[in-house]
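*Asks:* Residues per chain are reported as follows:
2 protein chains.
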Amino acid sequence: MTNQPESIRFDYNNMMSVYVGAKEGFTDKDLDAVKPLAAEAFNFVKKNRGTGMMGWTELPYNQKDVVKDIIFTAKKIRRSFDAFVVLGIGGSALGPMAVFQALCHMRHNELPKSKRKAPKFYVEDNVDPERMSSLLDILDLDKTMFNVITKSGSTSETMSQYLIIMDLLKRRYGDKASEHIIATTDAVSGSLIKIAKKENIKTFYIPAGVGGRFSELCPVGLLPAAVLGIDIKELLKGAAFMDRACRKADIRSNMALASAVTQYIAMQRGKNISVMMPYADSLRLISDWYAQLWAESLGKAENIKGEKVYVGQTPVKALGVTDQHSQVQLYTEGPFDKVVTFIGVDRYRAEVKISEGCEDFPSVNFLCGHTLNELIASEMAATEYALTKNNRLNRRITLPEVNAHTIGQLMMFFMLETAYAGAMLGIDAYNQPGVEEGKNATYALLGRAGYEAKAAELNARPEKNPKYIIEAQ
Amino acid sequence: MTNQPESIRFDYNNMMSVYVGAKEGFTDKDLDAVKPLAAEAFNFVKKNRGTGMMGWTELPYNQKDVVKDIIFTAKKIRRSFDAFVVLGIGGSALGPMAVFQALCHMRHNELPKSKRKAPKFYVEDNVDPERMSSLLDILDLDKTMFNVITKSGSTSETMSQYLIIMDLLKRRYGDKASEHIIATTDAVSGSLIKIAKKENIKTFYIPAGVGGRFSELCPVGLLPAAVLGIDIKELLKGAAFMDRACRKADIRSNMALASAVTQYIAMQRGKNISVMMPYADSLRLISDWYAQLWAESLGKAENIKGEKVYVGQTPVKALGVTDQHSQVQLYTEGPFDKVVTFIGVDRYRAEVKISEGCEDFPSVNFLCGHTLNELIASEMAATEYALTKNNRLNRRITLPEVNAHTIGQLMMFFMLETAYAGAMLGIDAYNQPGVEEGKNATYALLGRAGYEAKAAELNARPEKNPKYIIEAQ
Numbered sequence: 051m052t053n054q055p056e057s058i059r060f061d062y063n064n065m066m067s068v069y070v071g072a073k074e075g076f077t078d079k080d081l082d083a084v085k086p087l088a089a090e091a092f093n094f095v096k097k098n099r100g101t102g103m104m105g106w107t108e109l110p111y112n113q114k115d116v117v118k119d120i121i122f123t124a125k126k127i128r129r130s131f132d133a134f135v136v137l138g139i140g141g142s143a144l145g146p147m148a149v150f151q152a153l154c155h156m157r158h159n160e161l162p163k164s165k166r167k168a169p170k171f172y173v174e175d176n177v178d179p180e181r182m183s184s185l186l187d188i189l190d191l192d193k194t195m196f197n198v199i200t201k202s203g204s205t206s207e208t209m210s211q212y213l214i215i216m217d218l219l220k221r222r223y224g225d226k227a228s229e230h231i232i233a234t235t236d237a238v239s240g241s242l243i244k245i246a247k248k249e250n251i252k253t254f255y256i257p258a259g260v261g262g263r264f265s266e267l268c269p270v271g272l273l274p275a276a277v278l279g280i281d282i283k284e285l286l287k288g289a290a291f292m293d294r295a296c297r298k299a300d301i302r303s304n305m306a307l308a309s310a311v312t313q314y315i316a317m318q319r320g321k322n323i324s325v326m327m328p329y330a331d332s333l334r335l336i337s338d339w340y341a342q343l344w345a346e347s348l349g350k351a352e353n354i355k356g357e358k359v360y361v362g363q364t365p366v367k368a369l370g371v372t373d374q375h376s377q378v379q380l381y382t383e384g385p386f387d388k389v390v391t392f393i394g395v396d397r398y399r400a401e402v403k404i405s406e407g408c409e410d411f412p413s414v415n416f417l418c419g420h421t422l423n424e425l426i427a428s429e430m431a432a433t434e435y436a437l438t439k440n441n442r443l444n445r446r447i448t449l450p451e452v453n454a455h456t457i458g459q460l461m462m463f464f465m466l467e468t469a470y471a472g473a474m475l476g477i478d479a480y481n482q483p484g485v486e487e488g489k490n491a492t493y494a495l496l497g498r499a500g501y502e503a504k505a506a507e508l509n510a511r512p513e514k515n516p517k518y519i520i521e522a523q
Numbered sequence: 051m052t053n054q055p056e057s058i059r060f061d062y063n064n065m066m067s068v069y070v071g072a073k074e075g076f077t078d079k080d081l082d083a084v085k086p087l088a089a090e091a092f093n094f095v096k097k098n099r100g101t102g103m104m105g106w107t108e109l110p111y112n113q114k115d116v117v118k119d120i121i122f123t124a125k126k127i128r129r130s131f132d133a134f135v136v137l138g139i140g141g142s143a144l145g146p147m148a149v150f151q152a153l154c155h156m157r158h159n160e161l162p163k164s165k166r167k168a169p170k171f172y173v174e175d176n177v178d179p180e181r182m183s184s185l186l187d188i189l190d191l192d193k194t195m196f197n198v199i200t201k202s203g204s205t206s207e208t209m210s211q212y213l214i215i216m217d218l219l220k221r222r223y224g225d226k227a228s229e230h231i232i233a234t235t236d237a238v239s240g241s242l243i244k245i246a247k248k249e250n251i252k253t254f255y256i257p258a259g260v261g262g263r264f265s266e267l268c269p270v271g272l273l274p275a276a277v278l279g280i281d282i283k284e285l286l287k288g289a290a291f292m293d294r295a296c297r298k299a300d301i302r303s304n305m306a307l308a309s310a311v312t313q314y315i316a317m318q319r320g321k322n323i324s325v326m327m328p329y330a331d332s333l334r335l336i337s338d339w340y341a342q343l344w345a346e347s348l349g350k351a352e353n354i355k356g357e358k359v360y361v362g363q364t365p366v367k368a369l370g371v372t373d374q375h376s377q378v379q380l381y382t383e384g385p386f387d388k389v390v391t392f393i394g395v396d397r398y399r400a401e402v403k404i405s406e407g408c409e410d411f412p413s414v415n416f417l418c419g420h421t422l423n424e425l426i427a428s429e430m431a432a433t434e435y436a437l438t439k440n441n442r443l444n445r446r447i448t449l450p451e452v453n454a455h456t457i458g459q460l461m462m463f464f465m466l467e468t469a470y471a472g473a474m475l476g477i478d479a480y481n482q483p484g485v486e487e488g489k490n491a492t493y494a495l496l497g498r499a500g501y502e503a504k505a506a507e508l509n510a511r512p513e514k515n516p517k518y519i520i521e522a523q
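From first to last, the protein sequence lines are chains Z and E. Its first residue numbered 51, the first sequence is counted upward by one per residue in our numbering. Its first residue numbered 51, the second sequence is counted upward by one per residue in our numbering.
Keep in mind the hints are simulated off the structure, nothing from the lab. There may be inaccurate statements among the hints.
Since copy identity is lost for identical chains, a pair holds within one copy or between any two.
Said to hold, decoys possible - Derived pair list, reagent style PhoX-like, types lysine-lysine, alpha-carbon separation capped at 20 Å:
| id | residue 1 | residue 2 |
| --- | --- | --- |
| 1 | Lys298 | Lys96 |
| 2 | Lys504 | Lys439 |
| 3 | Lys165 | Lys126 |
| 4 | Lys298 | Lys517 |
| 5 | Lys226 | Lys247 |
| 6 | Lys403 | Lys220 |
| 7 | Lys489 | Lys504 |
| 8 | Lys489 | Lys439 |
| 9 | Lys79 | Lys514 |
| 10 | Lys358 | Lys439 |
| 11 | Lys358 | Lys73 |
| 12 | Lys514 | Lys439 |
| 13 | Lys220 | Lys244 |
| 14 | Lys517 | Lys79 |
| 15 | Lys355 | Lys73 |
| 16 | Lys517 | Lys85 |
| 17 | Lys167 | Lys403 |
| 18 | Lys125 | Lys193 |
As the structure is a prediction and not an experimental result, all values here were calculated from the model.
Excised from the complex, chain Z in its bound form:
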């Protein structure tokens, strides 16, 4: 890392008519037309940063003491434990997984301990009994630290996992059970903080203005990352670097705003699908993290005025080059309903040469002597070219290299893009009213007290018509 940090780049040439044709592409006039709205969005984000549910904008700056505590705690964990298990779902799982995948060895858990230098890592973000039972088959409890993460302290999935694990720990360790578990939750509200106090569990706090999908840069993500040996100060520095770079009002220099503007225009034109396609296995789960951020923030029935709008672009996770052999046929020839965002990498952290040995077979021999690095870069360029030639809107984000600083930049970029896009759409990017119905129905189905009316409502559903149910026979 030089003194001058290397920055990620955003290129939207292939959204413009000169590249993808007049019918699909944007003109400077189109960009100009949304500039007033973009300026409003910019000012909205500027005015609200650090307030309300926009506490996440300050995370790169206001966690000095927290970071110290996390690094201290992580060191102790690394000394005493050989596995670290996150119990969490949604925003409490996707960030830790994405950063792990990006910055640790790609076969981390299968490395011998001497090479691994950090505990094995597991994120349990489902309540499938087969999955929980499989995990318990391989864990050595004596050597495992659990980290239960839920802001509300009452997420059913996470608290179920907590109950199961805490019971196991208490049976084995009695009063010392709490030495095997750390809680990350709200400092005052919710059940988990109260349970943690009662059980004497070490706790980290999720700041009040930081919602689940914007929480990776608080202890939710920082503790697991530090346990894995990731340089969390660099991660935060990268985020700060991007945040400062995006304090300019002009879309010519604010890349998150420019990115939001291009997506906004695309959405107005019916592009209801946003494909995120990194050409790097290390960035595969960044797409998963982005999918929650984009879907849950922008997918809203009502705008802030209370008018029905039913907006939101559906994020699609793809991986280059892999999905060239799965999805690219559709992206190239199907409906004109997508924006494809490529994420490229200038320097991979390994170089692999393609060996010689196929001189008699020209359809294979041309590969010999090249590197996998050249192959993956050429395939990305070629796919961009093919999409562009077929008048398909696409954009490219480039990381000089995948490291803690550029990942910090990338995550802050996407969070800011989401904030700007939400403001342009005129919706509240920080709530999720649409999940309440399902939660309440779950409570009713499990017989929770107070949900009798909902249970009655469920029971009053029309019976299913057997004519629309088919069994193979």
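Given the coordinates of chain Z, work out where chain E should sit on it, guided by the hints.
*Replies:* Here is chain E on its own, set in the frame of chain Z:
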């Protein structure tokens, strides 16, 4: 397994107006209106089965000798090797991965050898140098069997991997290198079969009429499955069971046809997104396999008459309950542009009780005494209910249990659904013309002889305009 196999079920009540409302839902009249087209599609599939590129329909019936050879070979591999690595991409990777995830222990590679009872399993479906290098870090070559899979024998990604691995093997084992690798490819055409003969590599064949995305039930998928100890005869029996069940012309009894019909009507009404959402981690990669099948088969610019149609629904992979905390907000409140297909499981292969211990906290305590099995089932029912209440089209496929027979059924169901849907759309479901442009551009970028004109075309692209490229600073 009883004598009478348990069959999967398909329920499309929640596509009907009685459940999701008149604006979004279908009526019997709507179904009746497409019946003539459905009958045509049914007859097209019936007439063409086993011919042309529909060889896959016969795989459950015509592989007796192949299966014998595969089981014999697999036994030998299981005795002598501790890792089995598939080198393949697209259809040569997604099926093997999906079946592994469905039918092996969910932490297979991390189990001790005594419990695992089969080699560790890796599918390398990308050319990211970091990934290849990570894999080589953990493999013990002496104990590793490779399986290179490509029908054409010239897939750049797979053949690059082959060159790298074969070079390693030859350096280590000289003339005996071929004892560490098996090729699965076309019996006559392409480079790999010729290379395999020259190098004396054991070979399995992909039948002529079986394309990549329809190849899981031929040696492409059967060899890896057998090596893992999966009962491949049951898998084929399940597929045969579904195939026979779908020989009826009536959508009231042919579930694959009914499924295709509901998706066809949805597509005609602008539902350009198909969400596949299993409530089981074991079925997570079935969504990936489905995503290729559906996207690459149906995403076509031209119909069989050569008219421009630009059709194709974009598959989206989701996982219940996990994605309730990521995507369901959008599915419930966003645009009316989706069909959500739930995949449920009647009996999970494990039961996990949620322990007691939170009597003081009602927001958690209601979970106590239930099982994770009840929780996941209730959450699926609740999410279905919430989507339906918000007038969102959804369907449900149910597996009595995840086992080789039901996975065989499920895969055949999706392949038949795809065949019917393709016929209804009037497109060729078996080609992929849209990927040629990208392949040729890759060849040109890597300097392959014969692609000089394409290279010139690439060089003639308009320069990128720096005004649309932003760097953080």
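*Asks:* Confirm or reject each hint.
*Replies:* Status of each hint after checking the structure:
Taking the shortest alpha-carbon separations for lysine 298 and lysine 96, only the intra-copy value of 10 Å comes in at or below 20 Å, while the best inter-copy value is 63 Å. Taking the closest pair of Cα atoms, lysine 504 and lysine 439 come within 20 Å of each other only across two copies (13 Å); inside a single copy the shortest separation is 53 Å, beyond that limit. Proximity of lysine 165 and lysine 126 under a CA criterion of 20 Å is satisfied intra-copy only: 19 Å inside one chain copy versus 32 Å between copies. With identical chains, the CA atoms of lysine 298 and lysine 517 are at most 20 Å apart between copies only, with a shortest distance of 16 Å across copies and 60 Å within one.
In this homomeric assembly, lysine 226 and lysine 247 come within 20 Å of each other (Cα to Cα) only inside a single copy, at 14 Å, whereas the closest approach across copies is 63 Å. With identical chains, the CA atoms of lysine 403 and lysine 220 are at most 20 Å apart between copies only, with a shortest distance of 16 Å across copies and 52 Å within one. Taking the shortest alpha-carbon separations for lysine 489 and lysine 504, only the intra-copy value of 11 Å comes in at or below 20 Å, while the best inter-copy value is 55 Å. Taking identical chains as interchangeable, the C-alpha atoms of lysine 489 and lysine 439 lie at most 20 Å apart only when they sit on different chains, with a minimum of 14 Å there against 46 Å within one chain.
Within a single copy, lysine 79 and lysine 514 get their C-alpha atoms only as close as 53 Å, which misses the 20 Å cut-off; across copies the closest is 18 Å, which meets it. Only between protomers do lysine 358 and lysine 439 lie at most 20 Å apart by alpha-carbon distance; the minimum there is 16 Å, versus 37 Å within a single protomer. Proximity of lysine 358 and lysine 73 under a CA criterion of 20 Å is satisfied inter-copy only: 16 Å between copies versus 29 Å inside one chain copy. Within a single copy, lysine 514 and lysine 439 get their C-alpha atoms only as close as 48 Å, which misses the 20 Å cut-off; across copies the closest is 14 Å, which meets it.
For the identical chains of this complex, lysine 220 and lysine 244 are intra-copy neighbours only, at 18 Å inside a copy versus 62 Å across copies, given an alpha-carbon limit of 20 Å. For the homomeric pair lysine 517 and lysine 79, the shortest alpha-carbon distance between copies (14 Å) is at most 20 Å, but the shortest distance inside one copy (54 Å) is not. In this homomeric assembly, lysine 355 and lysine 73 never come within 20 Å of each other (Cα to Cα): the closest approach is 33 Å inside a single copy and 25 Å across copies. In this assembly of identical chains, lysine 517 and lysine 85 lie within 20 Å of each other by CA distance solely across copies; the values are 16 Å between and 54 Å within a copy.
Taking the shortest alpha-carbon separations for lysine 167 and lysine 403, neither the intra-copy value of 28 Å nor the inter-copy value of 34 Å comes in at or below 20 Å. Only within a single protomer do lysine 125 and lysine 193 lie at most 20 Å apart by alpha-carbon distance; the minimum there is 15 Å, versus 36 Å between protomers.
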